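> For reference, the chains in residue letters:
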Amino acid sequence: MSTPKKVGVTGATGQVGSRLLKHLHAAGIPAVAVVRNALGAALCHAEIPECEIRIGSLTPAAGEPHVLDDCDVIVNCALEGSGGIPRQAYTRNRALVDGLLKAKSLQWLVHFSTVAVYGELITAAADPERERRHPHPHSEYGRSKLFVERYAAAQAQKRGVTCTVVRLGHVYGAGIARSREIIEFARDPKFRLPFDGKLLSNAIHVDAVGAGIVELLRGRPAADVVSLAESTHTWRDIFDWHTAALGLAPVAPMDDAASKAQRRGWTDRSPVRDVMNWVRGLPIKSLVRSPSMFDLALQVLVRTPESVTKLASDINRRSGAGAHIARAVAADSVTIPSLYLSDGMPGPFLTLPEPSSSGMGSAPERARELADWADLWTTPRWRAAAA
Amino acid sequence: MLSSSAMSKQTLKIGIVGAGMVTSGSHLPVLVNMPDVEVAWMCDRALPAATSVAKTYGIPGAFGDIKDCPDVDVVLVATPVGSRSSVVPAVLERGWHAFCEKPFALTLADHERYVREAHARGLQIGVGQVRRYAKPTASARALVRRGLFGPVKRVLAAEGFHMRGTGRGTGWHMNDRSAGGGVLAEFGSHLIDQTLFVLGASSADRVRVRDCAQRVHLGLELASSMLADVTMDDGTRVPCSVDVSLLDDLCMGIFIEYESVTLRVGLGFEDTLSLVSKSGEPVTTLGMPEGADSPVQAFYLEWKDFLRQCRTGEPSAIDAASVASTTAFMDGALTVSGVRLQADHGEELVEKAS
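Heads up: the protein sequence lines correspond to chains F and Y, in order.
So the mapping is simple: this note's numbering equals the position in the first sequence, first residue as 1, plus 921.
So the mapping is simple: this note's numbering equals the position in the second sequence, first residue as 1, plus 2.
Fair warning: there could be bad hints in the mix.
[To be verified] Examples of chain Y residues toward chain F, derived with CB under 10 Å:
(1) GLY167
(2) VAL218
(3) GLU283
(4) VAL285
[As the list claims (entries may be wrong)] Derived Cβ-Cβ restraints for the label pairs, each shown as a range:
(5) Y:GLN299 / F:PRO951: 45 to 55 Å
(6) F:GLN1009 / Y:GLN299: 23 to 33 Å
(7) F:PRO1258 / Y:PHE163: 55 to 65 Å
(8) F:GLY1241 / Y:ARG148: 32 to 42 Å
(9) Y:ARG148 / F:ASP1253: 25 to 35 Å
(10) Y:ASP38 / F:GLY1005: 27 to 37 Å
(11) F:GLN1009 / Y:GLY66: 27 to 37 Å
(12) F:PRO1171 / Y:PRO284: 21 to 31 Å
(13) Y:GLY169 / F:ALA1144: 27 to 37 Å
(14) Y:PRO284 / F:ALA1249: 18 to 28 Å
(15) Y:GLY152 / F:VAL1193: 49 to 59 Å
(16) Y:ARG212 / F:PRO970: 21 to 31 Å
[To be verified] Sample of chain Y residues lacking proximity to chain F, with all beta carbon distances greater than 10 Å (derived):
(17) LEU14
(18) ALA42
(19) ALA64
(20) SER85
(21) ARG143
(22) LEU158
(23) SER204
(24) ARG210
(25) LEU222
(26) ASP245
(27) SER247
(28) LEU248
(29) GLU272
(30) VAL298
(31) GLY340
Hints listed in this document are in silico derivations from the structure and should not be mistaken for laboratory results.
The model shown is predicted, which means the values in this text are computed figures rather than measured ones.
For each residue, glycine too, the CB sits at the ideal point set by N, CA and C.
With the sequences and hints as input, model every part of the structure.
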C-alpha cells in the first residue's frame, strides 16, 4: 500500500481527529469523518467544511452495512469514555474495536493509544524495549488503554488486518487543553518548572501529529507499537515555545531539591499514606466544638491531672501550629501534575517531517494560532463569538 | 385546588411531567429530600422512562398521559420548550401551579400568554433559572444594586467552549426542534438571564436587541453573538454584548465595566466574583455572602422559593414574570438574526438570505 484509497477517521470532532482530517485533506488523501449525530456533524463541518462527513454507528449490528465499508484504512482517534462506570472503558472500547474491524475494505487499522500506558509518572527504564513490550500502567485509564491496544492488535491479526498502535504523547497547540494548562502555569507567578524543564517532555504539537500520521500512511503498513512525540524536546522547549508565542516571560525554574520532593510526592503514593492524610484532615475541632462533645470534653478535662492536660495542651499548640504552617506552604505552591516530572517514554518514534515554512503547521502559523486562541479565552471581548 | 392558607399548613403534592436527565439528575434528588413535599407521580410520553424514574425514586405513580394523572398541588414541567404550548395550558387547566424548566418560552407572546393564563386562574408559575442562585450571580446582583462602583458603562457576557465531543447521546437538545434548538436556547437562556438578573432588568420592556449574528452549520446554530441595550432598575441604559458558542473557547463570565474597574461575575456555582483589569487579569476576589455554591443547593433553594410562592402568593426570585426580559432578549435576538425555529408549529428552519 503506497497511498490509502480512503481513510476513515473516528473521533473526528476531537482535538486530534479534527486536525488530522485537515492534514489528510491538505495531503490530498481522501478522508471520511465519522460522527455519531447531527450535532457532531455540524461541529465537524464548522471546523473542516471541505471534509466528507458521515453520521453513523461504528458498531453496526450483524448484517448491517458499516459506515466505513469503503475505507481501506481507519485511524481510530475515538476515545470511548467510561460514563462513570470503570468497566465500560473496557467493554465500550472493545466493542468499538470489534465494530471497526467489521468494515469490509479495511486493510490497516491505525489505533491511537497513549503515553499513559507507561504510568502516571514515567521513570527511565533500564531496558526500554522490554518496557515498550510490557509497560506497567498505574492508573485505571492507562490500564484500560493498554488492554484495548492489545485487544485491537490481537483481533486485527485474526481478521488479517494490519494494526499499528500509536502511543501518543501529550498533545499541545492552539485549542488543546494541555496548552491551556501550560499557559495558565506560565501566567501563575507561583509556578516553577521542575528540574528547570530538563526532562524529556513526551509532548507533541497537534500539527506534528497530523503530519506524522500522514507520513505513516504514505509508508507500508506494519503491525507494530510505536510512539508519537517530539522525542528530543524537553519541557523547557515546550514552555519556552508557549511563552515566546504569547510574549510572556520564560517560566522560572524549580530547583532540583524541590523538584525531587515533588517527584517523591508521586512515587511515594500509597493507599496507607492517603488514609493517614485523610485522618489528619478530619474536622476533629468541629467535632469537639459541637455542644455535646464540648461538654463531655470539659467533664473529662476537669477530672484529668494538670500534668496531663498541660502536656496535651503543649502537643496541641505544637501540632496546631504545624498544621497552620502546612496550609500556608500549600497555599504558596502549585501542585505539579506528574507528566512534568516524568522521564521520556521508550521509542521507536514515528518519523516527523519538518514543518513547512508557511501555511498550516508552519512555525509562524502555529505561534499565531496559539496567540489568537489564548487571547480569545483570556481577554473579555465585545462580540467574542461573532468571529 | 387548595387555598393558600390550607396549602401553607400541609405537605405539598408534586407531579412531574418529563422523565429526562434534569428531572432524574437534578430535581428529584432534591425533592425527595425536602420536608413537606411528596412527589406523587411521574408522567412522560415514553411511559417506560416515567416508570423507570418513578421506581428509582420510590414515586407511587407513573403515567404516559397528563390526562390520567391524579390531582396534585404543583407540577414540574420538564419537557422541551417546544412542547410547552400543550403541556402548560393542560397543567393550568387542572388547577395546578406550574414550575417550568428553562428556557420558559421561545417567544415573548408565548411567555406572556402562559403568565396571563396562570394569573387568571389564581395560580403561580415559575421558571427554573437555577443559576440565579449561584453565589457569584446572587452576590453580584446585591453588589450592583448598591451602586458602589458608580454607573455601569457597558457589559460583556460570554459563555463558550470548543465542543470536542457529543458523547453517546443524540444531541437532541441541539438538533431537536422541539427543544428550541441551538446554543442560544441551550446556553443563552442561562447566560442572558444571569446578566439581566444581575443588572436588575426583569420586565420585557427593559431589553432592546440591536443585532444578533449566528453561526449555523448544517442547520444547527452553534454560536450566537448579540448586542442589546438593557435598562437597569435604576433607569440606567447599558450596552451589552452577549456571546454563546460551541465553536470557540471564550473568556467566560459577565464583565460589568465601570469607569475605573471591571466586576467579573463567574457563571458557575463554584466560580468567583472578582474585580479584574480591563484585559481580564484578576485584581482581587470578593466575598460572596449570597446564594448557593453547588447545583444541589441551588435546586433546593429554587424549589423552596417557588413552593413558598405557591403557599403565600408572594412572587419569588424565579417567578415567571421576572424572566420576561430573558424571553424578550432571546425573542429579539432570533427576530433580528432572521434565523428562527418554529418548534411548536413544525415549520422548517428559515435562514436569512445573505
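> Give a verdict on every hint.
So, going through the hints one by one against the coordinates:
no.: 1; hint: GLY167; verdict: holds, 6 Å
no.: 2; hint: VAL218; verdict: holds, 8 Å
no.: 3; hint: GLU283; verdict: holds, 9 Å
no.: 4; hint: VAL285; verdict: violated, 14 Å
no.: 5; hint: Y:GLN299 / F:PRO951: 45 to 55 Å; verdict: holds, 53 Å
no.: 6; hint: F:GLN1009 / Y:GLN299: 23 to 33 Å; verdict: holds, 30 Å
no.: 7; hint: F:PRO1258 / Y:PHE163: 55 to 65 Å; verdict: violated, 21 Å
no.: 8; hint: F:GLY1241 / Y:ARG148: 32 to 42 Å; verdict: holds, 39 Å
no.: 9; hint: Y:ARG148 / F:ASP1253: 25 to 35 Å; verdict: holds, 34 Å
no.: 10; hint: Y:ASP38 / F:GLY1005: 27 to 37 Å; verdict: holds, 32 Å
no.: 11; hint: F:GLN1009 / Y:GLY66: 27 to 37 Å; verdict: holds, 30 Å
no.: 12; hint: F:PRO1171 / Y:PRO284: 21 to 31 Å; verdict: holds, 22 Å
no.: 13; hint: Y:GLY169 / F:ALA1144: 27 to 37 Å; verdict: holds, 32 Å
no.: 14; hint: Y:PRO284 / F:ALA1249: 18 to 28 Å; verdict: holds, 21 Å
no.: 15; hint: Y:GLY152 / F:VAL1193: 49 to 59 Å; verdict: holds, 57 Å
no.: 16; hint: Y:ARG212 / F:PRO970: 21 to 31 Å; verdict: holds, 29 Å
no.: 17; hint: LEU14; verdict: holds, 33 Å
no.: 18; hint: ALA42; verdict: holds, 30 Å
no.: 19; hint: ALA64; verdict: holds, 25 Å
no.: 20; hint: SER85; verdict: holds, 20 Å
no.: 21; hint: ARG143; verdict: holds, 19 Å
no.: 22; hint: LEU158; verdict: violated, 5 Å
no.: 23; hint: SER204; verdict: holds, 25 Å
no.: 24; hint: ARG210; verdict: holds, 17 Å
no.: 25; hint: LEU222; verdict: violated, 4 Å
no.: 26; hint: ASP245; verdict: violated, 4 Å
no.: 27; hint: SER247; verdict: violated, 4 Å
no.: 28; hint: LEU248; verdict: violated, 7 Å
no.: 29; hint: GLU272; verdict: holds, 17 Å
no.: 30; hint: VAL298; verdict: holds, 17 Å
no.: 31; hint: GLY340; verdict: holds, 15 Å
Hint compliance for this structure: hints 4, 7, 22, 25, 26, 27 and 28 are not met, and every other hint is.
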